[in-house]
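Peer 1: All chains, full assembly: derive it from the sequences and hints.
The opening position of the sequence shown corresponds to residue 0 in numbering that gives the first Met the number 0, with each subsequent residue numbered one higher.
Quick caveat, the hints were computed from the structure, so don't treat them as lab data.
One or more of the hints may lead you astray.
[As the list claims (entries may be wrong)] Below, in silico cross-link-like pairs of lysine to aspartate or glutamate (DMTMM-like), each with a Cα-Cα straight-line distance of 20 Å or less:
1) Lys47 with Glu115
2) Lys30 with Glu19
3) Lys183 with Glu121
4) Lys278 with Glu189
5) Lys67 with Glu37
6) Lys139 with Glu181
7) Lys252 with Glu37
8) Lys169 with Glu179
9) Lys284 with Asp274
[Stated by the list, open to error] Distance ranges between label pairs, derived from CB positions:
10) Met138 with Pro285: 32 to 38 Å
11) Pro63 with Met138: 23 to 29 Å
12) Lys169 with Pro201: 19 to 25 Å
13) Lys10 with Met138: 23 to 29 Å
14) Glu153 with Arg31: 53 to 59 Å
Glycine included, every Cβ here is placed at the ideal spot set by N, Cα and C.
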Amino acid sequence: MSNIIGIDVSKVDFYASFNEQDQSKLFQNDKRGIKIFEKYLNKNNFKKDQTIIGLESTGIYHLPLSHKLTQAGFTVKVINPLITKKQNQTTLRRVKNDYKDASLVRYCTLNGAGYEFIDTPEMLTLKSLVRLRDNLSNMKNVLNLQQKSLEYKEKNLDISVSKANHRLNKSVSVEIEKLEKELKEYRKAEQKLLQTIPGVGPITAVSFISEVGNVSRFPFSQKLIAYIGLDSRVHKSGTSINGKGYISKRGNKILRTRLYNACSVTVLRPNIFQDFFQKKRSEGKPYKVALVATMHKMANVIYAVWKNNTPFQDRRGLTGI
Numbered sequence: 000m001s002n003i004i005g006i007d008v009s010k011v012d013f014y015a016s017f018n019e020q021d022q023s024k025l026f027q028n029d030k031r032g033i034k035i036f037e038k039y040l041n042k043n044n045f046k047k048d049q050t051i052i053g054l055e056s057t058g059i060y061h062l063p064l065s066h067k068l069t070q071a072g073f074t075v076k077v078i079n080p081l082i083t084k085k086q087n088q089t090t091l092r093r094v095k096n097d098y099k100d101a102s103l104v105r106y107c108t109l110n111g112a113g114y115e116f117i118d119t120p121e122m123l124t125l126k127s128l129v130r131l132r133d134n135l136s137n138m139k140n141v142l143n144l145q146q147k148s149l150e151y152k153e154k155n156l157d158i159s160v161s162k163a164n165h166r167l168n169k170s171v172s173v174e175i176e177k178l179e180k181e182l183k184e185y186r187k188a189e190q191k192l193l194q195t196i197p198g199v200g201p202i203t204a205v206s207f208i209s210e211v212g213n214v215s216r217f218p219f220s221q222k223l224i225a226y227i228g229l230d231s232r233v234h235k236s237g238t239s240i241n242g243k244g245y246i247s248k249r250g251n252k253i254l255r256t257r258l259y260n261a262c263s264v265t266v267l268r269p270n271i272f273q274d275f276f277q278k279k280r281s282e283g284k285p286y287k288v289a290l291v292a293t294m295h296k297m298a299n300v301i302y303a304v305w306k307n308n309t310p311f312q313d314r315r316g317l318t319g320i
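Peer 2: This is the structure in structure tokens:
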């Protein structure tokens with residue numbers, strides 16, 4: 000039987016729950032603290048091949064601990080905070096403190112929650128680059144809006160204020176181009192494979208690679224769909240979508256956004272996703288419900304193409320777009 004450990008991580012420290020009887024133990028969330036934690040595990044005979052460690056996802060603060068423990072040979076599972084929050088709400092005595100949270104994480108891990116942490120240094124680098132590119136892209140959008148405002152002031156108030164904003168905008172654009180060029184160098188064959196799917200461009204492809212890592216960790220497509228957060232209130236049977244188009248949003252926000260943007264554009268062009276979208280609309284589905292259904296379908300196609308390592312072939316015999 001596996002040993003289950005639950006960990007609640009913060010920026011400064013983390014609490015670890017080892018069993019139901021004892022109070023959680025406190026460790027510092029730094030190199031020294033993680034090393035002390037590893038020594039504690041070894042001293043107390045927590046065998047690497049018989050121990051599963053669950054951590055609540057906390058932005059970036061769980062990454063060093065997850066990475067070190069994985070390198071040491073332990074199985075680490077990362078749990079969405081929404082899952083632990085929901086579990087806490089079902090208990091008779093709702094509590095919110097760190098050592099109790101560690102016990103809650105342990106309980107969720109014991110019941111099969113979470114996805115195994117498999118990020119290598121290369122994948123952590125790729126994920127960071129993709130997210131940096133997103134941040135710069137958002138910054139560019141803000142600068143574009145600000146530029147219009149400043150130019151309006153210049154025109155109507157006879158002042159000169161837009162040049163600095165324009166220079167900054169140009170600088171950000173240059174950095175985005177450099178990042179996108181760098182991103183193309185990672186796992187080229189997989190990026191090329193995913194881009195055979197209608198609507199899946201370079202950024203969508205590399206985002207899936209960076210966030211998912213190895214698609215084989217999902218035994219079937221529904222697991223990937225749940226990871227993205229397209230499950231729960233969207234129920235699919237054959238080609239029918241029931242419900243109001245609400246999605247769980249418990250999964251990966253970056254991939255949901257990528258699919259939303261990809262499908263929003265792709266349904267405007269002739270391809271299988273436009274056909275599917277228009278079919279849903281003809282059935283009386285509202286725009287958003289039909290689009291969510293299309294996102295669901297695109298996720299299934301991405302999984303099939305990626306898992307089978309076979310380029311997309313649409314039903315009309317056209318490869319890619």
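Peer 1: Any hints this thing doesn't respect? Which numbers, in order?
Peer 2: Result: hints 2, 4 and 7 break, sorted rising.
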